[in-house]
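Please construct the entire structure, taking both the sequences and the accompanying hints into account.
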Amino acid sequence: MNIPFFSNKKQKEFYLGIFLKESQGIVMIFLKENGRLELVDREKFTYTNGWENLTNDVDEALYKLEKNLDLEIKKTIIFVYSHLVDEKIGDIKQVYLQKIKQLIKALDLRPMGYIECFEAISFYLQKEDKGSLTAILIEIDKTQVGIFTYIGGKIESKKILGRTDNIIADLTEGFEEIKKKSHILPARIILYDSGNLDDTATKILSHRWSGDFFIQIPKVDILSEDEVTNGLMNIFGEQIKDEEVQPMDKEENFGFMINEDIGEKVLDQDIRILPKTNWVSKFKEIRSNFKVNFSGKIFIIIGILIIALGLFANEYFFHRAELTIYLPTQDLQKNVKLELDYRTSSSSANFSETTNTSGKQEVGNKARGQVTIYNSNLSSAETLSKGALIVSPNNLKYALESEVNVASATGDASSSQPSTSKVSVIAAEIGEAYNLAASTKFTIDGKSKNLLAKNDSALTGGSKKQIQTVSKKDREDLKTVIINKAKKEIPSIKVLPNEAIASSLSEVDFNKINFSKEVGEESSKLTLQATVDTTQYLYNKNLFIDKVLVLLNPEVKNDYKLEKENISYAINKIIKEDNFLTVDAKIKAKAVIKISSEEIKKSLLGKNESKIKEILKSQYKIDGYNLNINEPLPVFKNYLPFFLKNIILKNSSL
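Residue numbers (the working numbering): 22 to 675.
Worth flagging that the hints you see were computed from the coordinates, not collected in a lab.
Incorrect hints may appear among the rest.
Straight-line alpha carbon distances no greater than 30 Å define the calculated BS3-like cross-link-like pairs of lysine-lysine that follow [said to hold, decoys possible]: (1) LYS486 to LYS578; (2) LYS122 to LYS88; (3) LYS611 to LYS53; (4) LYS85 to LYS642; (5) LYS200 to LYS240; (6) LYS546 to LYS585; (7) LYS615 to LYS638; (8) LYS262 to LYS65; (9) LYS642 to LYS628; (10) LYS95 to LYS355; (11) LYS53 to LYS638; (12) LYS562 to LYS611; (13) LYS597 to LYS355; (14) LYS85 to LYS109; (15) LYS609 to LYS358.
Restraint-style ranges between C-beta atoms, simulated for each label pair [stated by the list, open to error]: (16) LEU570 to PHE333: 44 to 50 Å; (17) THR464 to GLU422: 15 to 21 Å; (18) GLY174 to LEU570: 49 to 55 Å; (19) PRO575 to LYS88: 21 to 27 Å; (20) ASN77 to PRO575: 30 to 36 Å.
All C-beta atoms, glycine included, are put in the ideal place defined by N, C-alpha and C.
Below, the structure is given as structure tokens:
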């Protein structure tokens, strides 16, 4: 039954905050109630594949939060580290902005804009210190460092630089740049990166800084993760403090009002205001149907009965409350190695790829001709075997194409006549350089000067050119291209809803290979046609969680209970044995305190709002809750209903 009574109720709205850094982030849920913003819950996550899987990573973290709180949130504010912002255009860098847009679209969120973390930190510190901020904020991420100088509450400089293993060298470089614009740096340094910075602070304190930077040893403070989170929440809460409920402007950059203050944005929220019922006129109309003439006492009794009946009707039909309790949890972590059965699934596909060849080879002809062998030795003849070498003046070598015999010289020592014999020769190498003119004199390799050769006609026919051939590397590169292509395009296997793929064990290999050319063969192109098989190993996720539950249950406190849906895990390594898989994983789980919803509702029936916290804490160890009472009568607006059916109890975990 939906009968309107009064339209006044508490202003209450949830917002989603997504804090993005280089390789990790935090999803936060904020509650704005009566003008105040508070953190309801948060979930940290690490990017599984850089920014490529950002949507899936945020979706998983958001699912855990929304499941715990049993609500769906649309309005979203983005928090970022400054190295993700392009300072020249004053906007998030395109490479990151595109991923954020994909995230917003995929999760159907309503973006309100973005805030740089350092602005939130400065706002938080000035609010905490109750004065203007004069300090150097150092924002440390995985590979980037941001340095922000504040003097008198105003930012004087902003410097983003790459981070190395030497933080002192990084800061010195940044301080030198800042020093060009400012004479003396503030002697207070504040570090934050939502991590352990004790070692960095020690290095900064122990370093002897130049007097050009600081006139005294700088004081170093470290902001905790909670302080960073509070800073983000405070600045966002300040900017939406006076938010008006209006339709969203359609002319926005996929939901982001770039370069505008979030507090100036028009937000979208639907509110249904139900019509009021004129109960006075209704009562008069009913009363006019009766003509009663009783004494004054009877009227008093009837009046009391009518009031009592009205109060009963109000309590039974209209007085309602929704109570969300945030149950204490026990965090559990454990590294496990479990043996699981597996099944395999295979598929194959044909691929063809062509590439330019990279091999080089010189081809051509050897120079040929005929030479005359001269023997000046009077005492003996000479025999030169086939293949014997003759050498030109410029050290070019030629081989005899046949054996040749040369008789000894005739005459005497005073007048000798050399013996001669002709023989064909061929150049030792290809190329035009071996083409020699006639009358070139040659020595005989390994013989005395009594033996020489000369060509009566030119040696010709030598030529050389370079051709493109298939190399071994060309073939290997083609195989790599096809394997990588197969990993992306090979038909997907059928995965059952309760199964997970052990991707580290996936096997992709060739079943058939056919190259268009052999290694060394002349060609400018090489084509590979191949059939590729892939084999995937799958295991049962539910069975894995069941085994984890058995291992963790002994560690759960007596008053707590661990449910399967509160168990998450990250795979470290999977090893395939003969008949099973050994899964090495890091387990994270939350055990929730045991409660009886009916018992809690009974204990709170008709209780004043001020008593609820005391009862929940003393009897059920519950510290946090959210209460929304819908009561038309002001006298009962701070009381829970008196009927169990009118109390809706929702459970969530801290």
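Hints versus structure:
no., hint, result
1, LYS486 to LYS578, "violated (84 Å)"
2, LYS122 to LYS88, "holds (24 Å)"
3, LYS611 to LYS53, "holds (26 Å)"
4, LYS85 to LYS642, "holds (23 Å)"
5, LYS200 to LYS240, "holds (18 Å)"
6, LYS546 to LYS585, "violated (57 Å)"
7, LYS615 to LYS638, "holds (14 Å)"
8, LYS262 to LYS65, "holds (26 Å)"
9, LYS642 to LYS628, "holds (18 Å)"
10, LYS95 to LYS355, "violated (34 Å)"
11, LYS53 to LYS638, "holds (23 Å)"
12, LYS562 to LYS611, "holds (18 Å)"
13, LYS597 to LYS355, "holds (22 Å)"
14, LYS85 to LYS109, "violated (37 Å)"
15, LYS609 to LYS358, "holds (14 Å)"
16, LEU570 to PHE333: 44 to 50 Å, "holds (48 Å)"
17, THR464 to GLU422: 15 to 21 Å, "holds (18 Å)"
18, GLY174 to LEU570: 49 to 55 Å, "holds (54 Å)"
19, PRO575 to LYS88: 21 to 27 Å, "holds (26 Å)"
20, ASN77 to PRO575: 30 to 36 Å, "holds (33 Å)"
Checked against the numbered hints above, the structure violates hints 1, 6, 10 and 14; every other hint is satisfied.
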